[in-house]
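Peer 1: Sequence:
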Amino acid sequence: MKRLLFYFFQGLLFIAPITITFWAIYVTFNYIDGLLINLIDKLLDRHIPGLGLVVLITLITLIGMLGSSLLFKPFMVYFDRLFVKAPLIKIIYTSVKDLVSAFVGQKKRFNEPVLVKVGKGADLEKIGFITNKDLSFLGIPGNKVAVYLPHSYAWSGNLFIVPVENVKPIDASATEVMKFVISAGVTNLDQSND
Numbered sequence: 113m114k115r116l117l118f119y120f121f122q123g124l125l126f127i128a129p130i131t132i133t134f135w136a137i138y139v140t141f142n143y144i145d146g147l148l149i150n151l152i153d154k155l156l157d158r159h160i161p162g163l164g165l166v167v168l169i170t171l172i173t174l175i176g177m178l179g180s181s182l183l184f185k186p187f188m189v190y191f192d193r194l195f196v197k198a199p200l201i202k203i204i205y206t207s208v209k210d211l212v213s214a215f216v217g218q219k220k221r222f223n224e225p226v227l228v229k230v231g232k233g234a235d236l237e238k239i240g241f242i243t244n245k246d247l248s249f250l251g252i253p254g255n256k257v258a259v260y261l262p263h264s265y266a267w268s269g270n271l272f273i274v275p276v277e278n279v280k281p282i283d284a285s286a287t288e289v290m291k292f293v294i295s296a297g298v299t300n301l302d303q304s305n306d
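Okay, so the sequence shown: first residue is 113 according to my numbering, each after it adds one.
Think of the hints as simulated: they come from the structure by calculation, not from any bench.
A few of these clues could be false.
Unchecked claim - Distance condition first, Cα-Cα at most 30 Å in a straight line; then the derived DSS-like pairs of lysine-lysine: (1) Lys232 x Lys209; (2) Lys232 x Lys185; (3) Lys202 x Lys245; (4) Lys229 x Lys202.
Said to hold, decoys possible - Have a look at the derived ranges for each label pair, beta carbon to beta carbon: (5) Leu271 x Lys291: 42 to 52 Å; (6) Met113 x Leu171: 21 to 31 Å; (7) Met113 x Ile172: 16 to 26 Å; (8) Met113 x Phe191: 17 to 27 Å; (9) Leu117 x Leu171: 38 to 48 Å.
Predicted model only: the values in this text are computed from it and were never measured.
Using N, Cα and C, we set each Cβ at its ideal position, and we do this for glycine too.
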């Protein structure tokens, strides 16, 4: 019974950040779309489908602009500290925040594509991204790095701690390499989209 409970909470930790993020966007979209449809239909005597999506994208962009301004920075810092102090919310909030900032934030993490040799003497190599070169905070010596190996046709992957000598940089755009991995090698790096 204890093991089942452990797996349940592990499953929650895996799906909660992504589910909550998509759920929040979906609810916000539906709310804004519902308000706008009624308001604009009355004002213009016309229905404009998808207007909620345009407003949601604009709203998220405006929040990003306001959050980056000096005037709103203290509010963002306050709410950030507030969420980080709450026990369960802290795990979900920081996970979502770190994941989003890894792709689109100022501290992008998936920008160093590498080829990882899976074992000594093996010809098997995997494509990944170095996410951290200094693992001293974990007590891991300096000759190892953290490498994220994404899965194909999924937004998941595994984190491996790899000896530096097993890692070779890939001279290509990180975005193109990620598309190549996600597509299981179907996308060619040198071809433009047709």
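Peer 1: For every hint, state whether the structure bears it out.
Peer 2: For each hint, the structure was consulted:
| no. | hint | in the structure |
| --- | --- | --- |
| 1 | Lys232 x Lys209 | violated (36 Å) |
| 2 | Lys232 x Lys185 | violated (49 Å) |
| 3 | Lys202 x Lys245 | holds (25 Å) |
| 4 | Lys229 x Lys202 | violated (35 Å) |
| 5 | Leu271 x Lys291: 42 to 52 Å | violated (20 Å) |
| 6 | Met113 x Leu171: 21 to 31 Å | violated (45 Å) |
| 7 | Met113 x Ile172: 16 to 26 Å | violated (43 Å) |
| 8 | Met113 x Phe191: 17 to 27 Å | violated (38 Å) |
| 9 | Leu117 x Leu171: 38 to 48 Å | holds (39 Å) |
In this structure, the earlier hints numbered 1, 2, 4, 5, 6, 7, 8 are contradicted, and the remaining ones agree with it.
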